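**Student:** From first to last, the protein sequence lines stand for chains A and B. Take 1 as the starting number for the first sequence in the numbering used here and just add one per residue. Take 1001 as the starting number for the second sequence in the numbering used here and just add one per residue.
It is worth saying that the hints were derived from the structure and are not from the lab. No experiment lies behind these values; they were computed from the predicted model shown. Backbone N, C-alpha and C fix where the C-beta goes; we use that ideal spot for every residue, glycine too. Some clues are possibly wrong.
Unchecked claim - If you anchor each label on the Cβ, the simulated ranges turn out as follows: (1) Y237(A) / N1125(B): 20 to 26 Å; (2) G1156(B) / Q471(A): 58 to 64 Å; (3) R404(A) / G1135(B): 38 to 44 Å.
Said to hold, decoys possible - Chain A stretches covered by chain B per the calculated footprint, using a threshold of three residues with CB under 8 Å from any CB of chain B: (4) 243–253; (5) 257–266; (6) 273–280.
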Amino acid sequence: MINPAAKRDDGVRPSTVYNEMYDEAGAVHPHYAAYAEWLADKPPEYLLQKQREADILYARLGITFAVYGDETGVERSIPFDIIPRILRPDAWKIIYDGTCQRVRALNAFLKDIYHDQEILRAGLIPEQHIFANRLYRPEMRGFDVPGDVYIHIAGIDIVKTGQDAFFVLEDNLRTPSGVSYMLENRKMMMRLFPELFSRMAVAPIDHYTDVLLDNLRAVAPPGVTNPTVAVLTPGPYNSAYFEHAFLAQQMGVELVEGQDLFVAQDAVFMRTTSGPQRVDVIYRRIDDDFLDPLAFRPDSVLGVAGLFSAYRAGNVTLANAIGTGIADDKSIYTYVPDMIAFYLGEKPMLANVPTYRLSKPEDLKYVLDHLHELVVKEVQGSGGYGMLVGPAATRDERAAFRERVLGNPANYIAQPTLALSTCPTFCGSAIAPRHVDLRPYVLSGKTVTLVPGGLTRVALREGSLVVNSSQGGGTKDTWVLED
Amino acid sequence: MLSRVANNLFWMSRHIERAENTARLLDVTYRMSLLPYRILEPGQSWAEPWALPLVINGLATAYYERYPGALGPDDVLRFMVFDAANPSSIYACIHTARENARVVRGAITSEMYEDINAFWLELRNRDYAGIRTGGLSEFFDWVKMRSHQFRGVTFGTSLRDEGYSFTRLGTFIERADNTARLLDVKYHTLLPSVADVGGAVDYYQWGALLRSLSAFDAYRKVYRDVIMPRRVAELLILRDDVPRSLHACMNEIYEILRDICESSSREVERLAGELHAQLYYGRTEQIISLGLHEYLMGFLEKLGALNDEINRHFLVPVYPQQQAATARR
């Protein structure tokens, strides 16, 4: 319960961690000034009431995700925090330019390794990093994807350690999720605090699904004038099913499962109540492995037999393309700055986090000696599974992880624990700083672009650096201020 | 619309309707079991009232596999209300209906989803001991009311599109099937001997049957006379102003199918039209001379054929070009 007499925690902490709202002297950063002024006369009771309102609305709307490994199979809402994260126009420009640049380079890399492989011949990336990697799809060799676009939707995870100091943590180029939360969070904030939007010039993001649909239609097979787009989901038991349904509904296209589609004469059709209907573009949220039991895993019941053959025949476009996983593999990540130089002749606008490759003996030795201060990740892991946060782990956890690493060092990379920036976060009775990251969604098709915003994930536990929803993270609305 | 979506909508409403019918059937069985008449005769254990719900749903074998031993009200009720392994139990029906709804959430209104979700969550919080204490009839009334409510929410909030048509279609196919089964079982399995026809047992059984189909008051209004089997048959088969009669159900089914059938699905429409005409032009004398059981079996067979055709054309279609492609591979 709230004790109104308790001192209000204003989120200021004397430390080297960058607080996005307050400077070291406790003064409000200029771009937070209007918000701070509004917040100043809001009692904790008011915030608590708004927080409860938000929680109830999210539960009622059924905005949920399923937690893997949870035997009860319950659907949960991802915790939502009512305090927005605010970004200056200048900071957004860095993110915008930097992520677009990155996606252009990664897309050029994919085209290259599935065609001429110039980057390998130039000796920038060792061949075995590509060919020995199970995410590389030899089936894609020599195949031209429509418009040369491989990465139609990219989620680039970015952390901040100081004003305008951004690092890319990882690229998500397969089936990045979370964008529905970005959109729903904004709707929620406009519902809860309409007056803030008249006080502050917050750039709108609602047109995300329009831009997405426009891009998907733009990459239809050549000659198709009025393409039919569908969203392909693994089904209602997938943790992101809500998002798949949401996106299909927002774009006004069908949400299909593998069983709804079939391939005949190398073309893809939906089974409808009026007979077969041709499908031209599939925004698929199923991993490569499960897309087509004839081409990939034969035991997949989620996919569509013959889909790959229809794809290779140029009769259907898949977004994202097959084989993009090779470019977001954590061992390839370390080469992205080189790709930007090699393909674009540019300097990276967003830096990588310094990364140790445990395949290198000297890196391995360093990492094992410094486990207590590093984050160690599986090369092909995602979602916060299979990682060790050294400073937060117990001695036993570190020892156990050390054994796993030694079993297959090349399967791991390590990074220093960055001093992730914090944002003020409402923690039930008071506001306190919590660490955040940002995932903006870069869309490619007609152009490479992104709407001004992204999903801010927040580690709700005090001091925690893990923001994944599966590991107790929450989300915030992200406000990019207009000039 | 996607066939899978149509299929889920169809089965969502079928399962709600089935749950309601199971509740009606159990309620009437319960009431009959309270009558002072014991109609058991040697070799006719099926005449025990608690066998009725099992026989009607074709579940006797499944029941004895799960509950070997003597047939008793508690086991039958457990099996028909809360047994998740029995796909016709109220519990299983509502669970499946809610899953159907969840899968196609984008295709139904949020009010419909909230209603069916609440139905499921409330049911999940109940147990057999609770409904025994609280009263069986109260529980069955609750199930019926929730079912009425869901149809009302559907009626009041749905866009009148193809999805709505398939939702309604599921309701009336299930209802027609159920009414026919109920009528058939009464006529052929309950009366131990011909001598009992027209006796007190007969009266109460027909009365219970009418009540289970919410048609008791309608019978009184229409005939203003004692309950006679041929009139019950007329009321529940041929009259189109009794909402659970076969004719009323076929009116709905035929109208829906005329609306959604296209040139490629004329066979579906023809089958529905044929079955509809049989009721529209039917005479009670024909039914009696053919025999009620034979008549109802014929009806169920044709309804099954219509259902198969609806499946083939709309809900789980198999296309010639797809067959060709599969064969080629």
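**Student:** All hints are to be evaluated individually against the structure, with a verdict given for each.
**Tutor:** Consistency of the hints with the structure:
1. Y237(A) / N1125(B): 20 to 26 Å: Holds - the Cβ-Cβ distance for Y237(A) and N1125(B), about 23 Å, lies within 20 to 26 Å.
2. G1156(B) / Q471(A): 58 to 64 Å: With Cβ atoms ~43 Å apart, the hint is violated.
3. R404(A) / G1135(B): 38 to 44 Å: violated (59 Å)
4. 243–253: holds (count 3)
5. 257–266: Check passed, 7 qualifying residues.
6. 273–280: holds (count 4)
In summary, the numbered hints that this structure violates are 2, 3.
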